[in-house]
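2 protein chains.
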Amino acid sequence: MSEATATKGYRIALDCMGGDLGPSEAVAAAALAFKEGVIGPADTLILVGHEDNLRLLAREHRILNKPERVFYRHAPTAVAMDDAAMAVLKSKRDSSMVKALEMLKAGEADVVVSTGNTKALVAAGTIKVRPMEGAERPALAAIMPRREGHFIMLDVGANPEAKPEHLLHNAVLGSIYAQCSLGIANPRVGLLTVGTEEGKGGARINRTHQLLKAMGDRINYVGPVEGYDVFGDACDVVVTDGFTGNVLVKTIEGLVYMVRDLVGSKVKRNPVYIASGVAMFPLLRDLKGKLKPERYGGAPLLGLTGLVMKAHGSSNRQGICSAIRLGLEALGHDAGRRMQAALAEANQVVAATPEEA
Amino acid sequence: MSEATATKGYRIALDCMGGDLGPSEAVAAAALAFKEGVIGPADTLILVGHEDNLRLLAREHRILNKPERVFYRHAPTAVAMDDAAMAVLKSKRDSSMVKALEMLKAGEADVVVSTGNTKALVAAGTIKVRPMEGAERPALAAIMPRREGHFIMLDVGANPEAKPEHLLHNAVLGSIYAQCSLGIANPRVGLLTVGTEEGKGGARINRTHQLLKAMGDRINYVGPVEGYDVFGDACDVVVTDGFTGNVLVKTIEGLVYMVRDLVGSKVKRNPVYIASGVAMFPLLRDLKGKLKPERYGGAPLLGLTGLVMKAHGSSNRQGICSAIRLGLEALGHDAGRRMQAALAEANQVVAATPEEA
Numbered sequence: 002m003s004e005a006t007a008t009k010g011y012r013i014a015l016d017c018m019g020g021d022l023g024p025s026e027a028v029a030a031a032a033l034a035f036k037e038g039v040i041g042p043a044d045t046l047i048l049v050g051h052e053d054n055l056r057l058l059a060r061e062h063r064i065l066n067k068p069e070r071v072f073y074r075h076a077p078t079a080v081a082m083d084d085a086a087m088a089v090l091k092s093k094r095d096s097s098m099v100k101a102l103e104m105l106k107a108g109e110a111d112v113v114v115s116t117g118n119t120k121a122l123v124a125a126g127t128i129k130v131r132p133m134e135g136a137e138r139p140a141l142a143a144i145m146p147r148r149e150g151h152f153i154m155l156d157v158g159a160n161p162e163a164k165p166e167h168l169l170h171n172a173v174l175g176s177i178y179a180q181c182s183l184g185i186a187n188p189r190v191g192l193l194t195v196g197t198e199e200g201k202g203g204a205r206i207n208r209t210h211q212l213l214k215a216m217g218d219r220i221n222y223v224g225p226v227e228g229y230d231v232f233g234d235a236c237d238v239v240v241t242d243g244f245t246g247n248v249l250v251k252t253i254e255g256l257v258y259m260v261r262d263l264v265g266s267k268v269k270r271n272p273v274y275i276a277s278g279v280a281m282f283p284l285l286r287d288l289k290g291k292l293k294p295e296r297y298g299g300a301p302l303l304g305l306t307g308l309v310m311k312a313h314g315s316s317n318r319q320g321i322c323s324a325i326r327l328g329l330e331a332l333g334h335d336a337g338r339r340m341q342a343a344l345a346e347a348n349q350v351v352a353a354t355p356e357e358a
Numbered sequence: 002m003s004e005a006t007a008t009k010g011y012r013i014a015l016d017c018m019g020g021d022l023g024p025s026e027a028v029a030a031a032a033l034a035f036k037e038g039v040i041g042p043a044d045t046l047i048l049v050g051h052e053d054n055l056r057l058l059a060r061e062h063r064i065l066n067k068p069e070r071v072f073y074r075h076a077p078t079a080v081a082m083d084d085a086a087m088a089v090l091k092s093k094r095d096s097s098m099v100k101a102l103e104m105l106k107a108g109e110a111d112v113v114v115s116t117g118n119t120k121a122l123v124a125a126g127t128i129k130v131r132p133m134e135g136a137e138r139p140a141l142a143a144i145m146p147r148r149e150g151h152f153i154m155l156d157v158g159a160n161p162e163a164k165p166e167h168l169l170h171n172a173v174l175g176s177i178y179a180q181c182s183l184g185i186a187n188p189r190v191g192l193l194t195v196g197t198e199e200g201k202g203g204a205r206i207n208r209t210h211q212l213l214k215a216m217g218d219r220i221n222y223v224g225p226v227e228g229y230d231v232f233g234d235a236c237d238v239v240v241t242d243g244f245t246g247n248v249l250v251k252t253i254e255g256l257v258y259m260v261r262d263l264v265g266s267k268v269k270r271n272p273v274y275i276a277s278g279v280a281m282f283p284l285l286r287d288l289k290g291k292l293k294p295e296r297y298g299g300a301p302l303l304g305l306t307g308l309v310m311k312a313h314g315s316s317n318r319q320g321i322c323s324a325i326r327l328g329l330e331a332l333g334h335d336a337g338r339r340m341q342a343a344l345a346e347a348n349q350v351v352a353a354t355p356e357e358a
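Order-wise, the sequence lines are chains R and W. Position one of the first sequence corresponds to residue 2 (the numbering used here), numbered consecutively onward. Position one of the second sequence corresponds to residue 2 (the numbering used here), numbered consecutively onward.
Worth double-checking, as some hints may not be accurate.
Same chains, same label: a pair holds when it works inside one copy or across any pair of copies.
[Claimed, not checked] Using 30 Å as the maximum straight-line C-alpha spacing, the simulated BS3-like pairs for lysine-lysine come out as follows:
1. LYS201 with LYS164
2. LYS201 with LYS106
3. LYS36 with LYS67
4. LYS201 with LYS91
5. LYS201 with LYS129
6. LYS129 with LYS9
7. LYS214 with LYS164
8. LYS91 with LYS67
9. LYS9 with LYS91
10. LYS106 with LYS9
11. LYS129 with LYS106
What the hints contain is simulated information worked out from the structure, not anything from laboratory work. Bear in mind the structure is a predicted one, so any value in this text is a computation, not a measurement.
Model the full structure from these sequences, guided by the hints.
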């Protein structure tokens, strides 16, 4: 972070209650973030959840010796993984997730980090924190591994019925997020579809392609990309709707687990493999690390007036700490203001670009 | 195949010109299919392509000693992988692909097997062979590996803008195809979406879910499934639109190649891995076999009045032979007549099921 940022400092509201590993892991993540300097000297942390419990955990993890940097916001309930998304704002108004979002809305926090129920976070985040001017729905942006380095895919589940304008918004938001999180100066943006000829993929893709071309040099659009290209080096930002993106990341996760299990069971069943398998273990561990979805920490809900970071429900302390880091990086790059400006530009292009017959 | 089938025999039109490995591999596949008894004693084969060339290749591969079982249909041109789909019926009327489809339409062949350009095959197949009564568009059905055995996914690219009725058609067609190709008596059908609660995934998914439930015991519908479930044991037939399905299978293929390259490069770079890597080689080969998309041979274009099998463009002789086998199995199970009856039933259900408000 720059000096200016460090002087100002950011306030991180950490929803400690919704993850699979519970508040203990969230507090451990906070301790790790302090220890590794992810949370800078001027930043402050608000632990949101059952306060007595959190104070005990903070003592265990030795972050009580930072009274001027760690605060608490009591929330007696938690959103469960199977709570219906739309019901959360009514039935779980005093949950840690909703309390954290309210702090963001009220300007008492600069970023919310939550491991909770994705659909509830999208719904409650959209209603509480509100979309940026000119945006209708947020997009969930995942960082994914590829042969060399990483790429951004969005939307991976916030807006399953995205219209061409929404896909254009995803492109500009994802482009800025790739600058902040991957450090790519001029990210290449690809539109995911079923064929790279123009006219393939239906009316929605055609209109989006037209809009992206009309953006000119305001975005580094490299054209339509296919599934084959995703793990290659065709582009740095893969733009898709929340239906396709969600199915895709979950299927990839399912496949990765299957490959690991296949390798694991074969190694176990065959004595020759056991001997060589021991030597191969670091390789398998590397592969697992490379492909482990949790490793890429947080996925921001882009396009809201405040920054909400979703960490995988099964995140361990490293995963949650990584979500905190990604959130602070986005804040440090002034991502919110830049995204707001880019959305306004994109909407001007939409208005100025008549649909082709 | 049953005795009755063997007595009658089927006529296979093999488009020999469109694959990446050329006509030589197609003729080698034909020889393999005869040798392994895939093509039964009463079946006949028509090699479609440049006749002189094919006769030479047939001599090389020693299938000229079957004059009463191997025939030729001359076609002077071939559809290229980058030919625009819709132009093929005009500019490539004398191509092996179009000639083979014309034989199917004219009742001179019972099945077409082609390694050619998928989009051209879908477009030309739909126009030449025509959809079954009550269907509007065909669906491409892929056989995919999972932890144990295989499952069917459709549509993987024929109809990117599928409506709820089309998705219902995919469900009934895929269910019958799973019986024929996987030998599952009562295949479990899942609808791919972004969440398993009712009401998730948008209006199109909701209406499809409603129609599938209204089918009652005419189909073994197990409900919505997510990406996580695809490689598990939740269902045998994964129903989706041609956009999502196409992106999904291509992304999976890209990921599988990435994993293999990662494993390969790690093994090569580290001397410890080289020693153990040699012992691990059979494991990697098994894994490669398990995940190799070409292995699952053909994907039929379901819902046309004749049977068109698409084999992967890069198919080797085993892949093409497998496509021939899958085609003959479908014919042997009287799939066409049963699919036509199932579509009529499905359309009755659509008409009798008013949309929910």
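These are the hints, each one checked on the structure:
1. For the identical chains of this complex, LYS201 and LYS164 are neighbours both inside a copy (16 Å) and across copies (17 Å), given an alpha-carbon limit of 30 Å.
2. For the identical chains of this complex, LYS201 and LYS106 are inter-copy neighbours only, at 27 Å across copies versus 41 Å inside a copy, given an alpha-carbon limit of 30 Å.
3. Within a single copy, LYS36 and LYS67 get their C-alpha atoms as close as 12 Å, which meets the 30 Å cut-off; across copies the closest is 78 Å, which misses it.
4. Within a single copy, LYS201 and LYS91 get their C-alpha atoms only as close as 43 Å, which misses the 30 Å cut-off; across copies the closest is 19 Å, which meets it.
5. For the homomeric pair LYS201 and LYS129, the shortest alpha-carbon distance between copies (21 Å) is at most 30 Å, but the shortest distance inside one copy (38 Å) is not.
6. Proximity of LYS129 to LYS9 under the C-alpha cut-off of 30 Å is restricted to the intra-copy arrangement: shortest distance 25 Å within a copy versus 69 Å between copies.
7. Taking the shortest alpha-carbon separations for LYS214 and LYS164, both the intra-copy value of 16 Å and the inter-copy value of 28 Å come in at or below 30 Å.
8. In this assembly of identical chains, LYS91 and LYS67 lie within 30 Å of each other by CA distance neither inside one copy nor across copies; the values are 35 Å within and 76 Å between.
9. In this assembly of identical chains, the alpha carbons of LYS9 and LYS91 never lie at most 30 Å apart, being 35 Å within a copy and 67 Å across copies at closest.
10. Within a single copy, LYS106 and LYS9 get their C-alpha atoms as close as 19 Å, which meets the 30 Å cut-off; across copies the closest is 74 Å, which misses it.
11. In this homomeric assembly, LYS129 and LYS106 come within 30 Å of each other (Cα to Cα) only inside a single copy, at 7 Å, whereas the closest approach across copies is 59 Å.
Consistency note: the structure conflicts with the earlier hints numbered 8, 9.
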